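Number of protein chains: 2
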Amino acid sequence: MSSYAAPLKDLRFVLNELAGLSEVAKLPGCEEATPDTVDAILEEASKFASEVLDPLNHSGDEEGSNWSGGEVTTPKGFKQAYRQYAEGGWAALPFGAEWGGQGLPKLVATAVEEMLTSSNMSFSLCPLLTQGAIHALELAGSEALKKTYLGKMVSGAWTGTMNLTEPQAGSDLALVRTKAKKTGDHYLISGQKIFITYGEHDLAENIVHLVLARTPEAPEGVKGISLFVVPKFLPRPDGKPGERNGARCASIEHKLGIHASPTAVMVFENAVGYLVGEENKGLAYMFVMMNAARFSVGLEGVAVAERAFQRALAYARERLQGKDLEDGKTVPIIRHPDVRRMLMLMKSQTEAMRALAYVVAAEMDFASTSKDKEERKRHQAFVDLMIPVVKGWSTETGIEIASLGVQVHGGMGFIEETGAAQHLRDARITTIYEGTTGIQANDLVGRKIARDGGATVKGWISALRGFDQELAKSTNPDVQAMRSCLAAGVQAVSDAVDFILATAGKDPNAAFAGAVPFLKLMGITAGGWQMARAALAAERGLQAGSDKQFLQAKIKTARFFGDHVLSQASGLAATVINGSAAVMALAEDQFLAA
Amino acid sequence: MSSYAAPLKDLRFVLNELAGLSEVAKLPGCEEATPDTVDAILEEASKFASEVLDPLNHSGDEEGSNWSGGEVTTPKGFKQAYRQYAEGGWAALPFGAEWGGQGLPKLVATAVEEMLTSSNMSFSLCPLLTQGAIHALELAGSEALKKTYLGKMVSGAWTGTMNLTEPQAGSDLALVRTKAKKTGDHYLISGQKIFITYGEHDLAENIVHLVLARTPEAPEGVKGISLFVVPKFLPRPDGKPGERNGARCASIEHKLGIHASPTAVMVFENAVGYLVGEENKGLAYMFVMMNAARFSVGLEGVAVAERAFQRALAYARERLQGKDLEDGKTVPIIRHPDVRRMLMLMKSQTEAMRALAYVVAAEMDFASTSKDKEERKRHQAFVDLMIPVVKGWSTETGIEIASLGVQVHGGMGFIEETGAAQHLRDARITTIYEGTTGIQANDLVGRKIARDGGATVKGWISALRGFDQELAKSTNPDVQAMRSCLAAGVQAVSDAVDFILATAGKDPNAAFAGAVPFLKLMGITAGGWQMARAALAAERGLQAGSDKQFLQAKIKTARFFGDHVLSQASGLAATVINGSAAVMALAEDQFLAA
Numbered sequence: 379m380s381s382y383a384a385p386l387k388d389l390r391f392v393l394n395e396l397a398g399l400s401e402v403a404k405l406p407g408c409e410e411a412t413p414d415t416v417d418a419i420l421e422e423a424s425k426f427a428s429e430v431l432d433p434l435n436h437s438g439d440e441e442g443s444n445w446s447g448g449e450v451t452t453p454k455g456f457k458q459a460y461r462q463y464a465e466g467g468w469a470a471l472p473f474g475a476e477w478g479g480q481g482l483p484k485l486v487a488t489a490v491e492e493m494l495t496s497s498n499m500s501f502s503l504c505p506l507l508t509q510g511a512i513h514a515l516e517l518a519g520s521e522a523l524k525k526t527y528l529g530k531m532v533s534g535a536w537t538g539t540m541n542l543t544e545p546q547a548g549s550d551l552a553l554v555r556t557k558a559k560k561t562g563d564h565y566l567i568s569g570q571k572i573f574i575t576y577g578e579h580d581l582a583e584n585i586v587h588l589v590l591a592r593t594p595e596a597p598e599g600v601k602g603i604s605l606f607v608v609p610k611f612l613p614r615p616d617g618k619p620g621e622r623n624g625a626r627c628a629s630i631e632h633k634l635g636i637h638a639s640p641t642a643v644m645v646f647e648n649a650v651g652y653l654v655g656e657e658n659k660g661l662a663y664m665f666v667m668m669n670a671a672r673f674s675v676g677l678e679g680v681a682v683a684e685r686a687f688q689r690a691l692a693y694a695r696e697r698l699q700g701k702d703l704e705d706g707k708t709v710p711i712i713r714h715p716d717v718r719r720m721l722m723l724m725k726s727q728t729e730a731m732r733a734l735a736y737v738v739a740a741e742m743d744f745a746s747t748s749k750d751k752e753e754r755k756r757h758q759a760f761v762d763l764m765i766p767v768v769k770g771w772s773t774e775t776g777i778e779i780a781s782l783g784v785q786v787h788g789g790m791g792f793i794e795e796t797g798a799a800q801h802l803r804d805a806r807i808t809t810i811y812e813g814t815t816g817i818q819a820n821d822l823v824g825r826k827i828a829r830d831g832g833a834t835v836k837g838w839i840s841a842l843r844g845f846d847q848e849l850a851k852s853t854n855p856d857v858q859a860m861r862s863c864l865a866a867g868v869q870a871v872s873d874a875v876d877f878i879l880a881t882a883g884k885d886p887n888a889a890f891a892g893a894v895p896f897l898k899l900m901g902i903t904a905g906g907w908q909m910a911r912a913a914l915a916a917e918r919g920l921q922a923g924s925d926k927q928f929l930q931a932k933i934k935t936a937r938f939f940g941d942h943v944l945s946q947a948s949g950l951a952a953t954v955i956n957g958s959a960a961v962m963a964l965a966e967d968q969f970l971a972a
Numbered sequence: 379m380s381s382y383a384a385p386l387k388d389l390r391f392v393l394n395e396l397a398g399l400s401e402v403a404k405l406p407g408c409e410e411a412t413p414d415t416v417d418a419i420l421e422e423a424s425k426f427a428s429e430v431l432d433p434l435n436h437s438g439d440e441e442g443s444n445w446s447g448g449e450v451t452t453p454k455g456f457k458q459a460y461r462q463y464a465e466g467g468w469a470a471l472p473f474g475a476e477w478g479g480q481g482l483p484k485l486v487a488t489a490v491e492e493m494l495t496s497s498n499m500s501f502s503l504c505p506l507l508t509q510g511a512i513h514a515l516e517l518a519g520s521e522a523l524k525k526t527y528l529g530k531m532v533s534g535a536w537t538g539t540m541n542l543t544e545p546q547a548g549s550d551l552a553l554v555r556t557k558a559k560k561t562g563d564h565y566l567i568s569g570q571k572i573f574i575t576y577g578e579h580d581l582a583e584n585i586v587h588l589v590l591a592r593t594p595e596a597p598e599g600v601k602g603i604s605l606f607v608v609p610k611f612l613p614r615p616d617g618k619p620g621e622r623n624g625a626r627c628a629s630i631e632h633k634l635g636i637h638a639s640p641t642a643v644m645v646f647e648n649a650v651g652y653l654v655g656e657e658n659k660g661l662a663y664m665f666v667m668m669n670a671a672r673f674s675v676g677l678e679g680v681a682v683a684e685r686a687f688q689r690a691l692a693y694a695r696e697r698l699q700g701k702d703l704e705d706g707k708t709v710p711i712i713r714h715p716d717v718r719r720m721l722m723l724m725k726s727q728t729e730a731m732r733a734l735a736y737v738v739a740a741e742m743d744f745a746s747t748s749k750d751k752e753e754r755k756r757h758q759a760f761v762d763l764m765i766p767v768v769k770g771w772s773t774e775t776g777i778e779i780a781s782l783g784v785q786v787h788g789g790m791g792f793i794e795e796t797g798a799a800q801h802l803r804d805a806r807i808t809t810i811y812e813g814t815t816g817i818q819a820n821d822l823v824g825r826k827i828a829r830d831g832g833a834t835v836k837g838w839i840s841a842l843r844g845f846d847q848e849l850a851k852s853t854n855p856d857v858q859a860m861r862s863c864l865a866a867g868v869q870a871v872s873d874a875v876d877f878i879l880a881t882a883g884k885d886p887n888a889a890f891a892g893a894v895p896f897l898k899l900m901g902i903t904a905g906g907w908q909m910a911r912a913a914l915a916a917e918r919g920l921q922a923g924s925d926k927q928f929l930q931a932k933i934k935t936a937r938f939f940g941d942h943v944l945s946q947a948s949g950l951a952a953t954v955i956n957g958s959a960a961v962m963a964l965a966e967d968q969f970l971a972a
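If you're matching them up, the sequences are chains A and B in order.
Just so we're on the same page, the working numbering is the position in the first sequence counted from 1, plus 378.
Just so we're on the same page, the working numbering is the position in the second sequence counted from 1, plus 378.
No lab work stands behind these hints, which were simulated from the structure alone.
The structure presented is a predicted model; accordingly, all values stated were derived computationally and were not measured.
Glycine included, every Cβ here is placed at the ideal spot set by N, Cα and C.
Among these hints, one or two may not hold up.
What the hints assert, rightly or not - Derived Cβ-Cβ restraints for the label pairs, each shown as a range:
hint, chain 1, residue 1, chain 2, residue 2, range
1, B, Asp876, A, Pro855, 16 to 26 Å
2, B, Gly447, A, Arg461, 34 to 44 Å
3, B, Asn444, A, Asp414, 56 to 66 Å
4, B, Ser629, A, Lys454, 17 to 27 Å
As the list claims (entries may be wrong) - Stretch by stretch, here's where chain A covers chain B in the computed footprint (C-beta under 8 Å, at least three residues):
hint, segment
5, 516 to 528
6, 623 to 636
7, 801 to 808
8, 920 to 931
The shape of chain A in the complex, shown without the other chains (with noise of 0.2 Å):
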């Protein structure tokens, strides 16, 4: 099985070439985003990965976490690996010093973020969960509930949940039912969540759940629902954990993947619980931590991607097998077309979605420290057109990119121990959590495109057309080539956005029935856009002279998606503008007719 190493060549390059670190540097407050600093963090987080948690990963998926009376279990070595994320000031890397943060900007943790996630994908959901929660609580916590909380948790002494769904309330939380009565300072919680990462665990000496409920007055839908901390051990006074709180694991589930981070069941029985902001705006609180955990999920397609593509670059270098098609020798399978071709989807998809989602992370820093006030709301904009197609097609990618992973393996890929199938059964999850990618298409659709008019995805567009004729003064055949493949991806994206626009207010049903297509086809034209850029910046690297084995690869590999992932474009489109009328043309019944 080969290990995990960081790409750390390809990420300096999208850090410093694509998503402009020197320019987020200059903001107020990442200013310790020295190029020296990013580049021992990125050293040191990659050693991490590489030393303390990808040793866990196959084994921790073959051991699992167990629940036995209420207690769960992390798998051997997890305890001790967390105790060094929390030593090592990881989980502190994007919180201000306020709170015993570093206060890096969101592009640097961005990247340790993926390094982290690449090499145990199980492990790192539990800070992910974290970050959540101390997002909330930054954002709407009173400051009593800051101080008692977030220096333990930004520490990683404690560690973060959220509990959103129950049985009949998973992406419609119209429906939540946990109540929440109020006594005195407090209230207390009552109800079953489910689905709960990290619900319970091992790791950490307390555990800060942040649960969606429902007061006795509150109003019915998603405007009656409340935000409230409930502790597993109810804080002392020294700040220490106390008394145990009525919150307890019923189980844990029997998962697909992902085995090592236990999915719990959760009881709240009478549980003490703290208000987080006001009463019935638990939703709009619950929704500023879900954009940050829809980008991490998008991350998680890439670190799950690259991870899968390492992998199989190993076994296709050394798994001899057939003969050359040119001079008939027996060769390392990487020589045959087919499986190079695979090879190259898995690393230009990897690349490309790296590069869209750092560029995105990078305009969070903008639009979150931005001096000027329509600097910030343009970056926002641009944030927020982009988190659903970043979570959507890093994560559907992802899985097509983890599946790839085991064919390149194959027979040997169907064999658990090659641990190629732990990629893609982990992979699974991530279209689902956080918002399937049929919500984040109908977010994209509904939300970020109808709703403003097409104002934002406009402005994409005509900047896309901009772009073109930087392009058209390269000489290189291959940026040419990819240069007609992005042009058309970015008609295809203007075609089906006059289609959405048009459509939306009058046929509701017609516009979101194509929303998953559409929300395909902006995300292989905005990673073609970063593939482009990608390829402009290694011509300008060659001239200087700079690394040619990397800036020559980086290149064709931008073609390589241009005519094997951007040559969708158009049918994509179709499908958008043609694909409506058939979608919901069977009645109900005729499902059952066969």
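Dock chain B against chain A, hints included.
Coordinates of chain B only, in the frame set by chain A:
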């Protein structure tokens, strides 16, 4: 968890309206296939699948087959089910009366096989491999071998295996090392084989291994491989199993899916083997059974897709979540456009794959039993062209459909108890065994298209263009929409074929670089052809006053297939034609340069 119900209406529609069962029944030896007999068989198979095999599918997955001391125990209930399978005469269905078979056409056997596989893919693999072994013995076995083995195997008393793969010899059988030393009337076989499906089990009293091995003087490579019968127990003169042979199961694999099907590592130590046919011709015999097995694996794609669709449909009809886009009420998720789109993708592609597979099965009947030799040759050429398409396209699409089935379930799809994840895990092997999709695609491009200068595929393209004239007569707008999608598909195939023919000789890497996208293009176009035929047949049926619900759904489903699946055709052709440049563009070291 939903239970399997055979889609009998669609099976009958495809058998009668698309695959020409009445014409097949006129072929010599196929006269048993009267409408009444076929109906009775379909009903009985449907019952056996739903009542006996389906209830063991999930439990079989959970329990798995277990190895201990060389013996393999199949999951609870499998033994009893296998007895019922043999006693019901299901094993005998497609074989000649000479060995106790029922002599039914391949077309009818195909419908039965689909149902058994849908209900329990792990179980169905034992019969599948046995049938392959029977075919090889029928084809090349001596009269003595046939007499000893065929009756037992056709009755189901004994099962069969195919022992091809060795650790160093997977797709590349030239590397087979297992040895066969002649001693009197038999050979002594020594070596190790891996990935042997049902290589050891407790379902039957004997196991008949068909083993590829080399005699001491054999030439190197594929021209030095011979085929041997190696029974687990040497048959006594009275036909009963006697002495234990030196063929032992060293272990079974821990796999991603098909847990109930034991995948054995077999060790042969001076095991007694009997030559099948002539020395050094083993590979040719193996290819005959492999073609049948490839077709069957393609059918597994159809079968698992159907089962995944049924499960997703049942969930989508009962799960209440989200509000109707138009009237704002909480509805079952089948009302949401994207869920509907996923169900239609599942339904339309499953129906298209089924129709193509059954049409090819009928062609197999014509190819093997038509009176006229030229007729047989013509049908065989079409079968040869389409086998890799049925295998490659139906399995790739089967995985996609099983994955959509998980997606329709949302979070519940990731929980193993739901059953949707099992279909994805089971389906994942189908693009690998009996030749990966890459192997199928190379076979298609090299042997089936380039070798005859494109004659067969061009004949098919002409037939499709002729069929366009039939479609032109319809006044139904859905049929016309489908017609234009199909025409674009045919043009895309034609363009891609021209490229392949122009390139295969002078630049094989370029021709084979697009082999898999080309195979997918062939698949969706052939599937679209069948769906368009189905739409015309449905129009005729509606005029004749037949089942309105079913037939109207068929026309809408055909249109959906055009807009959502065939729409990819021109992009795939572009990838085949333009995409070869970048596939091999990187030096191998450049993959490591990140």
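Evaluation of the provided hints:
1. Asp876/B to Pro855/A: 16 to 26 Å: 23 Å, holds
2. Gly447/B to Arg461/A: 34 to 44 Å: 43 Å, holds
3. Asn444/B to Asp414/A: 56 to 66 Å: 57 Å, holds
4. Ser629/B to Lys454/A: 17 to 27 Å: 24 Å, holds
5. 516 to 528: Since three or more residues must qualify, the claim that chain A covers the segment 516 to 528 of chain B is violated, with 0 doing so at under 8 Å.
6. 623 to 636: Coverage by chain A holds here, the residue count being 5 at a Cβ distance below 8 Å.
7. 801 to 808: Our answer is that it holds, as 4 residues pass the Cβ test (under 8 Å) against chain A, meeting three.
8. 920 to 931: holds (count 5)
When held up to the earlier numbered hints, the structure conflicts with hint 5 and nothing else.
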